[in-house]
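Student: The primary structure of each chain is shown beneath.
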Amino acid sequence: MKHFLNTADWSRPELQAMIDEARRLKTSPYGDVLKGKTVALLFLNNSLRTRTSFDVGAQQLGGHAVVLSPSGGMWPLEFEDGVVMDGDAEEHVKEAAKVLSRYCDMIGIRAFPKFVDWEEDRKDKILNAFAQYADVPVINMETITHPCQEMAHVMALQERLGPLDGKKFVLTWTYHPKPLNTAVANSALMIAAKFGMDVTLLCPQSEYLLDMRYMSQAEQDAKANGRHVHVTHDIDEAYKGADVVYAKSWGALPFFGKWEEEKPIRDQYRHFIVDEEKMAKTNNALVSHCLPMRRNVKMTDGVFDSTNCIAYDEAENRLHVQKAIMKALVSS
Amino acid sequence: MKHFLNTADWSRPELQAMIDEARRLKTSPYGDVLKGKTVALLFLNNSLRTRTSFDVGAQQLGGHAVVLSPSGGMWPLEFEDGVVMDGDAEEHVKEAAKVLSRYCDMIGIRAFPKFVDWEEDRKDKILNAFAQYADVPVINMETITHPCQEMAHVMALQERLGPLDGKKFVLTWTYHPKPLNTAVANSALMIAAKFGMDVTLLCPQSEYLLDMRYMSQAEQDAKANGRHVHVTHDIDEAYKGADVVYAKSWGALPFFGKWEEEKPIRDQYRHFIVDEEKMAKTNNALVSHCLPMRRNVKMTDGVFDSTNCIAYDEAENRLHVQKAIMKALVSS
Amino acid sequence: MKHFLNTADWSRPELQAMIDEARRLKTSPYGDVLKGKTVALLFLNNSLRTRTSFDVGAQQLGGHAVVLSPSGGMWPLEFEDGVVMDGDAEEHVKEAAKVLSRYCDMIGIRAFPKFVDWEEDRKDKILNAFAQYADVPVINMETITHPCQEMAHVMALQERLGPLDGKKFVLTWTYHPKPLNTAVANSALMIAAKFGMDVTLLCPQSEYLLDMRYMSQAEQDAKANGRHVHVTHDIDEAYKGADVVYAKSWGALPFFGKWEEEKPIRDQYRHFIVDEEKMAKTNNALVSHCLPMRRNVKMTDGVFDSTNCIAYDEAENRLHVQKAIMKALVSS
Numbered sequence: 421m422k423h424f425l426n427t428a429d430w431s432r433p434e435l436q437a438m439i440d441e442a443r444r445l446k447t448s449p450y451g452d453v454l455k456g457k458t459v460a461l462l463f464l465n466n467s468l469r470t471r472t473s474f475d476v477g478a479q480q481l482g483g484h485a486v487v488l489s490p491s492g493g494m495w496p497l498e499f500e501d502g503v504v505m506d507g508d509a510e511e512h513v514k515e516a517a518k519v520l521s522r523y524c525d526m527i528g529i530r531a532f533p534k535f536v537d538w539e540e541d542r543k544d545k546i547l548n549a550f551a552q553y554a555d556v557p558v559i560n561m562e563t564i565t566h567p568c569q570e571m572a573h574v575m576a577l578q579e580r581l582g583p584l585d586g587k588k589f590v591l592t593w594t595y596h597p598k599p600l601n602t603a604v605a606n607s608a609l610m611i612a613a614k615f616g617m618d619v620t621l622l623c624p625q626s627e628y629l630l631d632m633r634y635m636s637q638a639e640q641d642a643k644a645n646g647r648h649v650h651v652t653h654d655i656d657e658a659y660k661g662a663d664v665v666y667a668k669s670w671g672a673l674p675f676f677g678k679w680e681e682e683k684p685i686r687d688q689y690r691h692f693i694v695d696e697e698k699m700a701k702t703n704n705a706l707v708s709h710c711l712p713m714r715r716n717v718k719m720t721d722g723v724f725d726s727t728n729c730i731a732y733d734e735a736e737n738r739l740h741v742q743k744a745i746m747k748a749l750v751s752s
Numbered sequence: 421m422k423h424f425l426n427t428a429d430w431s432r433p434e435l436q437a438m439i440d441e442a443r444r445l446k447t448s449p450y451g452d453v454l455k456g457k458t459v460a461l462l463f464l465n466n467s468l469r470t471r472t473s474f475d476v477g478a479q480q481l482g483g484h485a486v487v488l489s490p491s492g493g494m495w496p497l498e499f500e501d502g503v504v505m506d507g508d509a510e511e512h513v514k515e516a517a518k519v520l521s522r523y524c525d526m527i528g529i530r531a532f533p534k535f536v537d538w539e540e541d542r543k544d545k546i547l548n549a550f551a552q553y554a555d556v557p558v559i560n561m562e563t564i565t566h567p568c569q570e571m572a573h574v575m576a577l578q579e580r581l582g583p584l585d586g587k588k589f590v591l592t593w594t595y596h597p598k599p600l601n602t603a604v605a606n607s608a609l610m611i612a613a614k615f616g617m618d619v620t621l622l623c624p625q626s627e628y629l630l631d632m633r634y635m636s637q638a639e640q641d642a643k644a645n646g647r648h649v650h651v652t653h654d655i656d657e658a659y660k661g662a663d664v665v666y667a668k669s670w671g672a673l674p675f676f677g678k679w680e681e682e683k684p685i686r687d688q689y690r691h692f693i694v695d696e697e698k699m700a701k702t703n704n705a706l707v708s709h710c711l712p713m714r715r716n717v718k719m720t721d722g723v724f725d726s727t728n729c730i731a732y733d734e735a736e737n738r739l740h741v742q743k744a745i746m747k748a749l750v751s752s
Numbered sequence: 421m422k423h424f425l426n427t428a429d430w431s432r433p434e435l436q437a438m439i440d441e442a443r444r445l446k447t448s449p450y451g452d453v454l455k456g457k458t459v460a461l462l463f464l465n466n467s468l469r470t471r472t473s474f475d476v477g478a479q480q481l482g483g484h485a486v487v488l489s490p491s492g493g494m495w496p497l498e499f500e501d502g503v504v505m506d507g508d509a510e511e512h513v514k515e516a517a518k519v520l521s522r523y524c525d526m527i528g529i530r531a532f533p534k535f536v537d538w539e540e541d542r543k544d545k546i547l548n549a550f551a552q553y554a555d556v557p558v559i560n561m562e563t564i565t566h567p568c569q570e571m572a573h574v575m576a577l578q579e580r581l582g583p584l585d586g587k588k589f590v591l592t593w594t595y596h597p598k599p600l601n602t603a604v605a606n607s608a609l610m611i612a613a614k615f616g617m618d619v620t621l622l623c624p625q626s627e628y629l630l631d632m633r634y635m636s637q638a639e640q641d642a643k644a645n646g647r648h649v650h651v652t653h654d655i656d657e658a659y660k661g662a663d664v665v666y667a668k669s670w671g672a673l674p675f676f677g678k679w680e681e682e683k684p685i686r687d688q689y690r691h692f693i694v695d696e697e698k699m700a701k702t703n704n705a706l707v708s709h710c711l712p713m714r715r716n717v718k719m720t721d722g723v724f725d726s727t728n729c730i731a732y733d734e735a736e737n738r739l740h741v742q743k744a745i746m747k748a749l750v751s752s
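In order, the protein sequence lines correspond to chains A, B and C. Mapping the first sequence onto the numbering used here, position 300 (from 1) lands on 720, and the numbers just tick up by one. Mapping the second sequence onto the numbering used here, position 265 (from 1) lands on 685, and the numbers just tick up by one. Mapping the third sequence onto the numbering used here, position 117 (from 1) lands on 537, and the numbers just tick up by one.
Among the clues, some could well be false.
Copies of one chain are not kept apart here, so a pair can be met inside one copy or by any two copies together.
Unchecked claim - Distance condition first, Cα-Cα at most 25 Å in a straight line; then the derived SDA-like pairs of lysine to any residue: (1) 518 with 465; (2) 518 with 479; (3) 545 with 585; (4) 683 with 428; (5) 534 with 633; (6) 643 with 629; (7) 518 with 696; (8) 534 with 506; (9) 534 with 684.
Keep in mind the hints are simulated off the structure, nothing from the lab.
Only chain A is shown next, with the shape it has when bound in the complex (with noise of 0.2 Å):
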């Protein structure tokens, strides 16, 4: 049995079988290997895109999804061993896990950091304690890394440009009012160096740099692939001759949990924006974010709804792609 918690844990031959399954479910949505199969999806966190997705891909495979949260399903739950639960927890992670396997076929959990000390949120504890404690598959619908969104990205990437190696890809940060979860950055920054392009990582200073445990994972697959991680805070460098261009904004790690220390400086560099000017440096790129996306704020309008732009098709992808995931777990 595997779990799908991180896209580091597999090869990427494994992953591109993946892509190329979900390839053909675009094509051949329905299928019955979730035939009488139970899919819980834990969202500790909103979701739109995932719940829908990972819903509706479960229907289509012929098996059923249960959508649990906190205002509802769940009960507070405690993560460590051993301990005398007489807090706030009422029930023990290794009960819920072990129940929930006793009920389903796979577990999804979303669980984003709690945005107070990155020491502790790094420990991916939620996620980590379903994949230790469950009897059945668990995948990751977002904690601090985004495997699904990778998949995705990536799938999209390719049905434009077909092989990667090589490629440009930059990740460049952009403004947003608010510090947001690293996930889909670190995410970004692992799955381009794993399928063998060139990677840029444009931050606006050395503060925004991501966590260690993503760049050297982001080095080690570049180097293995022939490539390079780069790092820079020079937007015109970045942006030159690139082949995508992939937007997301993230808080400071060092400014984690004192955000109000960190909003003077992120508040100095709204002209990250991906625009017109800035992409017409690149080599026509392909330009993409996660969504949701405030427009206008990462991306001009003109940016985003011209011809160039995959967001729409990253986010269909996500059902092909977690199609696919759940299908390659459930036969694992």
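With the hints as your guide, set chains B and C onto chain A.
Tutor: Quick look at chains B and C alone, frame taken from chain A:
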């Protein structure tokens, strides 16, 4: 592709064909016209009947419903074009509509007015934005009109009365401790006129007239059928000879957003309750209400529990007409 | 038509037949007895196991569950007959029950006590109102008793012990930082007596006795089986020779609604925890808890994680017995 936003967009024969189909589905409920298809149901407000009947209806036609709500299934939405999204909204309705269209085959929307500014609420922005941007049919599950309720009501009337032309239909305002949405009142007025009835709108004083858009639509439809829309504040005159009494409470539009000023006016009219004494003046009229209904405030137990009351049939018919509507849209 | 409100309404052979059917369904889970049918699940309180197991169970029998909750699926309800509904309630339970009966084939209700006035809570008004007004079978998904849990527990005991007659069953109160519902305790007492066990109720002092309605029912059933219900405050006496230990915490009824007065009493009895030392006095007893359970507060990790603990089996059996119950009701 056609949406089901308002009955005014459809001809009487088209609506009658859906009601006829609903009557067939009432005796033979199962089918596979939605096989492999998903309906997204977006509830921005509470629902018991609508949520259950759409979900059950989709299922009975071989399909599947995904229920989304702001607590869990939705990000705060932006509706304006070209805006710099640096406020509360995290996602533009365009993306929500486009992405849901990639996953689902139909989208139902419930979005009540905000009750602050009728000039704003009467634009019905959420429904219209989804209709504009979605690539799949959109169904109004109650916004500032409630066309599914209209259809269920006409179906229930036809089941008991046969053809409705020339019947006297009375829409009576009733007291309710809070100002309510005019949606069902607007809808009742329009559908009664469209189906050839002589319509009487009974309300306590002119401030309770409905929006001119709906008054005019009803007058125009009544005229086309050789009938009339008559407004009165005289209870006896309204009930006299009525064939149908439809009860509903609503807030007075001139006091929209200034509800504390309306309260002393509204409080004078508790005697607009539908009771046995008033019903005795009718032509043994059928009586109904869209539910939920405050007993002994809007209608006495005696009237509601009488055999003249068709409220449960009307509620049940929601299931049947909505199935007919989904069937019509999916094949349009 | 029969409801499943309390096991007291069903004979031991009837209940045994459902458990036997549940054991068949455990090995052969799929069927079509609910094909085309819908179960409405009304949750007025949180749920993980109940929500998931009913949803999965309906699906495995070919049916469909619609989950409704006050945040989204329900209007505030009125329960009294003949009342002028000018307070908070927007809908009478009569309409909710009648209308759901038009859409669905069964209705499950979870409605915990309000914890203010036991004389009021013990009327079990919500469940009884639905049972009174619904035109389809109603299932108790936990109110002031929890009959589905009882059935799952007996099934798990029989799987390990075979016939239960004459076994020593100990229901032990345990500490919990908050006063909890007596539902599972009431249920455990009754089902143990009904299935022929000698029942010992262990609680710290007489204020923790359960409602006389359930004490009497258990005594009457025990007597009919030639057995006894024995109350003790002596831990050693209770555990000695026990074949089954069932742990549960609950609030003392004489302090109902005055919980701050109960707290200093309850706080003296942390030592009622089920631990290895106490278990050593038993006849190698099976031990269980209905979940969620606070580890090392109600039961030590050592006991809970031992092979004598059947809590996960009991939780799993919820799925199987509920399917058997739905099957029995739909054909009744």
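Student: If a hint holds in the structure, say so; if it doesn't, say that too.
Tutor: Results for each hint:
1. In this homomeric assembly, residue 518 and residue 465 come within 25 Å of each other (Cα to Cα) both inside a single copy, at 22 Å, and across copies, at 22 Å.
2. Proximity of residue 518 and residue 479 under a CA criterion of 25 Å is satisfied in both settings, with 24 Å inside one chain copy and 21 Å between copies.
3. Taking identical chains as interchangeable, the C-alpha atoms of residue 545 and residue 585 are never at most 25 Å apart, the minima being 34 Å within one chain and 45 Å between chains.
4. In the homo-oligomer, the alpha carbons of residue 683 and residue 428 never lie at most 25 Å apart, since the shortest distance is 32 Å inside one protomer and 51 Å across protomers.
5. Within a single copy, residue 534 and residue 633 get their C-alpha atoms as close as 19 Å, which meets the 25 Å cut-off; across copies the closest is 47 Å, which misses it.
6. When the C-alpha separation of residue 643 and residue 629 is checked against a cutoff of 25 Å, the pair qualifies only within one copy, where the shortest distance is 19 Å, while the shortest distance between copies is 70 Å.
7. Proximity of residue 518 and residue 696 under a CA criterion of 25 Å is satisfied inter-copy only: 23 Å between copies versus 51 Å inside one chain copy.
8. When the C-alpha separation of residue 534 and residue 506 is checked against a cutoff of 25 Å, the pair qualifies both within a copy, at 22 Å, and between copies, at 23 Å.
9. Within a single copy, residue 534 and residue 684 get their C-alpha atoms as close as 22 Å, which meets the 25 Å cut-off; across copies the closest is 35 Å, which misses it.
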